[in-house]
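Could you build all of it, start to finish, from the sequences and the hints given here?
Residue numbers (the UniProt record's numbering), protein chains in the order written: chain A, 1 to 293; chain B, 1 to 277.
In short, the hints are calculated from the structure, not lab data. One or more of the hints may lead you astray.
Computed spacing ranges between beta-carbons, pair by pair [claimed, not checked]:
no., chain 1, residue 1, chain 2, residue 2, range
1, B, K67, A, Q180, 33 to 43 Å
2, B, S60, A, G190, 58 to 68 Å
3, B, A33, A, Y39, 34 to 44 Å
4, A, A61, B, V197, 48 to 58 Å
5, A, R202, B, D174, 39 to 49 Å
6, A, E247, B, F70, 32 to 42 Å
7, A, R103, B, R112, 17 to 27 Å
8, A, R103, B, A38, 19 to 29 Å
C-beta: ideal position from N, C-alpha, C; glycine also.
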Amino acid sequence: MTTTTIKARSQGREATRPRGRAAWFVLPATALLLVFFFYPIATIVWRSLTEPDAGFGNYTALLHDGLSVKVLVRTLVTALIVAATTLVIAYPYAYAMTKVRPRTRAVLTVIVLLPFWTSLMARNFAWYMLEQRGGPIERFLGLIGFDGVVLLGTVAGVTVAMVQVMLPFMVLPLYSAMEQIDPRLLDAAGSLGAPRWRAFGRVYVPLSVPGMLSGFSLVFIMTLGFYITPALLGSPQNSLISQVISERVSKLLDFGGAGALGTVLLGVTLLVLFIVSRFGGPARALGGAVTHD
Amino acid sequence: MTEATETREREPVKAQRDGGIGWGLRTAVGLTALLLIAPTVVVIPMSFSGATTFEFPPKSWSLRWYKSFFGSEKWMYALLTSVQIGLLVAVAATILGVAVALGLTRSRFRGRGAVRQLMMAPMIMPGIVVAIAIYGVFIRWQLNGTAIGFVIAHTVLALPFVVTAVSTSLAGYDRTQDIAAATLGATAWTTFFRITVPQVLPGVLSGFAFAFVTSLDEVVVALFLQTPDIQTLPVQMYNSITLEIDPTIAAASSVMVVATTLVLLVPQLVRRERRTR
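Now the structure itself:
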């Protein structure tokens with residue numbers, strides 16, 4: 001008995017020794033990211049300050065070109081609407097996921113995850129078909145008395161599609177937060193005389209705030225930088241920031257101007273991440289998203 | 001611990017007594033599920049359309065778009081390019097990602113938290129900024145429109161998924177098993193291959209699948225890196241909506257939906273098989 005314990009302990013110590021060596025394993029990937037991810041992003045910021053001339057010319061130009069500020073505001077508003085809408089839609093769904101039997105929960109999880117992973121292009125194409133002139137959505141709206149409403153090419157059309165694309169990013173963090181809530185707290189609130197709706201509003205909802213926060217920030221950030229949906233379903237007349245950035249790079253090779261817009265976008269992203277990191281952080285939410293595969 | 005298990009066990013009973021969830025919530029869940037699934041699924045009937053427009057629902061049916069997809073050199077070349085790049089990305093990202101996950105879970109070193117966050121960054125940074133950033137340096141390094149350029153860019157984007165999937169399965173791995181194996185006389189290698197690998201394999205497999213699908217599905221960076229000589233399937237799909245209005249995209253979309261679903265379900269099935277065995 002004692003000999004095995006001692007042996008096990010010494011083996012245990014041996015097992016801990018190579019732990020230090022495993023640290024080197026992170027090097028290749030770190031090097032890859034530094035060269036092919038962080039360096040490129042740094043050059044974008046750098047070029048925004050140096051091309052064509054050194055200084056803040058690109059940034060003052062953004063303020064005065066009459067378009068960029070409008071586009072930026074439109075993008076921020078759209079991202080807020082998308083994040084708020086997904087929150088409202090995803091909350092009951094995630095709540096139900098914690099309440100149903102395991103088998104039903106598995107089905108609900110697959111329903112969230114499959115579109116999450118199935119072809120973004122296919123989904124955007126589907127929205128293109130649904131929203132086009134003469135498409136199902138226009139006909140449906142016609143039936144209920146809104147004649148001639150075509151979503152394709154409008155901010156509303158982009159918003160609807162983005163909500164669908166972003167839903168899983170809201171459901172998963174919400175679910176992982178709600179899963180942690182002890183249902184007995186609601187019983188306790190009930191036994192203290194709170195009606196069910198008040199117990200829900202005063203106990204359950206506040207406890208789910210971390211999930212709401214990570215989901216909201218995640219969707220907000222991802223919507224800001226989203227390109228495919230606005231490019232396919234939006235229009236140049238009411239473009240979002242990603243369209244303007246792409247246009248400047250691919251048509252004009254204006255890395256300075258596009259870089260300035262990109263840097264603003266990065267700044268907003270980092271600001272949101274910083275604010276949220278004080279309450280838990282979207283990295284954790286993403287971890288949750290992939291853990292629940 | 002026992003209390004928690006007790007509530008877990010009691011809960012379904014209570015849920016059944018309450019009739020599960022109320023009809024209001026049930027309706028909300030149903031509608032949300034419909035919103036999640038429907039737009040992905042409508043491409044399938046569309047792909048059997050007989051019309052030459054994006055008219056939906058189709059008035060006539062045919063297999064012409066599948067013929068057009070599988071018979072077109074352009075589409076097949078795009079598909080082949082995507083699969084080749086995807087496989088290379090999956091291999092590269094899995095090797096690098098497993099190494100990172102091992103490094104992060106099996107050692108404590110300064111800057112560990114920073115490395116973890118660094119690995120997640122490609123997931124969170126705005127897609128369009130990442131795309132123009134990579135495009136900008138790839139023009140200078142002449143990696144634009146090269147297969148290796150695509151592989152590098154997609155590996156960067158796929159890494160976070162592999163790291164998360166593998167870290168999760170390593171975190172659940174009980175290391176006293178290694179010690180137990182060692183006390184029974186197993187060498188470090190035997191322990192690794194007979195004890196560690198079988199348990200971590202499902203995580204690695206899902207990492208591989210996620211990486212493959214990430215690359216297969218990636219559009220934004222690919223749109224910038226494309227040249228007439230090298231186009232991935234999503235890029236060809238994008239062009240077929242914006243430039244050509246070519247309904248072959250419906251067949252391509254259906255193939256993609258079915259293929260990615262299969263790729264992602266396989267690791268799940270492997271896992272289930274193991275569990276039941």
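Taking the hints in turn, this is what the structure says about them:
Evaluation of the 33 to 43 Å hint for K67(B) and Q180(A) yields a failure: the beta carbon distance comes to about 52 Å. Against the hinted window of 58 to 68 Å, the Cβ-Cβ separation of S60(B) and G190(A) comes to about 59 Å, which satisfies the hint. Evaluation of the 34 to 44 Å hint for A33(B) and Y39(A) yields a pass: the beta carbon distance comes to about 43 Å. The hint said 48 to 58 Å for the Cβ distance between A61(A) and V197(B), and at roughly 57 Å that hint holds.
Taken as a hint, the range 39 to 49 Å holds for the pair R202(A) and D174(B), whose Cβ atoms sit roughly 40 Å apart. A C-beta distance of roughly 35 Å is found between E247(A) and F70(B), which places it inside the suggested range of 32 to 42 Å. Taking 17 to 27 Å as the suggested C-beta distance range, the pair R103(A) and R112(B) does not conform, at roughly 39 Å. The hinted window of 19 to 29 Å between R103(A) and A38(B) holds, with their beta carbons roughly 23 Å apart.
This entry does not satisfy hints 1, 7, going by the numbered hints stated previously.
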